[in-house]
Amino acid sequence: MFRLGRRYVRALISLGIGLSFLFPLYIALVTSLDTKADVFQFPPHLTLDGRLGVYVRAWNMFPWMMYFGNTLFIAFVTILIALATSVLAAYALSFIEFRGREWVFSLILVVMMIPSEAHLIPNFVILAMMNLIDTYWAQILPYGASVFGIFLLRQFFLSLPKDYWDAARIDGCGHLRYLWSVALPLSRPILFTVSLYIFIGSWNSLMWPLMVTQSHNVQPVEVALAHFLDNNSVDWRRLSAASLFTTMPVILLFLLLQRYIIRGISRGEGIQG
Amino acid sequence: MAMINEMRLARVGSGETKRRAKRRRTRKDLWTAVLFLLPSLLFLTVFVYVPSVMAFGLAFWHYHLLGVHTTWAGISNFTDALQFNLFQQSLWNTFYFAALMVPGTLILSVSIALLIQKASRYYGVIRTLILLPYATPAVGTAIGWLWIFDPTYGMANGVLHGLGLPESGWLQSPSMAMPSIAIYSLWHGVGFDVVIVMSAIAGLPKSVLEAAAMDGAGAWRRFWQVTLPLISPTIFFLVVVTTLGALQSFAQIYALTGGTGGPEYATTTSLFLIYETAFVYNHYSYASAMAVILVFVILVLTLIQRYIGKRSVFYQ
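Chains L and U, in that order, give the protein sequences.
Be aware that the first sequence starts at -2, since it is given in my numbering, and climbs by one per residue.
Be aware that the second sequence starts at -3, since it is given in my numbering, and climbs by one per residue.
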């Protein structure tokens, strides 16, 4: 009886801690919906009748559709390029035997050890030399190779039974065909995980787009939101509404696809070794 | 497997043709490998390897973006940076932040993991809730926290008040601004660490823990003398990852301080200062010198961590 009670208490505390992680989002929601000029109340209370007007107003103040479009475009093109480069590199590092293979792999892993501060400014200078500042490409090309993607895919390719490849080679199958018709279809879940990480990274990136863009028509949602917060710093309701509708897409994505994210965390663990 | 393969091939052709075929295949394989690796290595060369070396070069010049008036600076950018009191303070702020984040992350993630591992029925739900912030953007989630940290009406002071403790200015107080950002960062990132600690705990040999329990070790002692040593490689991994992450933080500082790094530069980390120096004031070379110094310090710190890790981590 006593043990049962203890377990119940433990589950309750765990659930409480879990729910407390939602609190900052809940606060934003309550703030956005509160009609009183004074939104600071403790404890906050929620009323839902005809209070959604603030969302419409916040939405109409900025060309949000354009910013969403920019973010999606940047994310999808980055995903396409990074998946292509990672798949090819991971394939070479796991299915093709050549001298210096381990050395090349270490060279790629070293990237994880280099802090981003090291190449931040030269990256900007190089993009300026290429005349790409203030374009979509400045936000895409630096992420064209994904060490995380190469690492995860190589790990997966190495786990495939070697018999597949031996059998295919006996039948006269070349690397490109084997990659396209065997390795790639099998690695779909991993490709999905990598895409998801790139997508979330793209959506949440702030410093780099702040650095390389000035024009609104190439800026992503996060940068637009930062400007929005600067321009409306007194109207908490509007700020909260805009914060929520720009964050909701990643939250939904996370809720739907979290098992892929968790897989990425547990499989990517070896990368810092 | 390769052996069987070779045997199959040997049955097909004579020794001579076999060897020649193999050599041809090796050479062809090498070219395929080069071709496959080329795109990734090209991107990494242009955006990581070359720039990392270039940072040193930039730091020794007075570089202007259009290439005009670029003059040799010698080590003056470095000496200026080292004597610049704001840069000194930023280094201090950077490491102060990391020093808050590392123990905070370890204590919080291990406690949460231990707590929720027994709540098996709700484990999935709790993990979802704790991991959710990890996927969210800093600017988008800052607003709720700005409210929580509000000195007059915020919930953080509400709690302190309720406990009978003195209230704080949180993000508006120079001494509490950095801890406030650390609290936000823990909220944002600890789910990642909990997932990793959970999987380490799940992989522990049950027999050892049971044996310890049989020998009369209490839960507390079992944790310190069995569980913790067994998961020490994971703990060490978290220390390294959290340190590197903390030293490269930017978005949460920008979002929570309205892009100022204030109050009174209390949250201006080195990366923040480098960003401002280069991209707000356009002093690329000066900022590069700061970056080189920072990277050097980070590398030394990483090496020290690895040295300590090698000596104290228990590998099975």
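The hints are simulated quantities; they were obtained by calculation from the structure and are not laboratory data.
Heads up, the beta-carbon is just placed ideally off N, CA and C, and yes, glycines get one too.
Careful: at least some of the hints might be erroneous.
Unchecked claim - Under the rule of at most 27 Å between Cα atoms (straight-line distance), these lysine-lysine pairs were calculated in the BS3-like manner: (1) U:Lys114 with U:Lys202; (2) U:Lys202 with U:Lys306; (3) U:Lys202 with L:Lys159; (4) L:Lys159 with U:Lys18.
What the hints assert, rightly or not - Chain L side only, calculated, beta carbon under 8 Å to chain U, not exhaustive: (5) Pro112; (6) Ala142; (7) Met208.
Each hint, compared with the structure:
1. U:Lys114 with U:Lys202: 14 Å, holds
2. U:Lys202 with U:Lys306: Measuring from Cα to Cα gives roughly 26 Å; hence the hint holds.
3. U:Lys202 with L:Lys159: 33 Å, violated
4. L:Lys159 with U:Lys18: With a Cα-Cα distance of about 18 Å, the restraint between Lys159 of chain L and Lys18 of chain U holds, given a limit of 27 Å.
5. Pro112: It holds, given that the least Cβ distance between Pro112 of chain L and chain U is near 5 Å, below 8 Å.
6. Ala142: 4 Å, holds
7. Met208: Since chain U brings a Cβ to about 5 Å from Met208 of chain L, closer than 8 Å, the hint holds.
Violated hint for the displayed structure: number 3, the only one.
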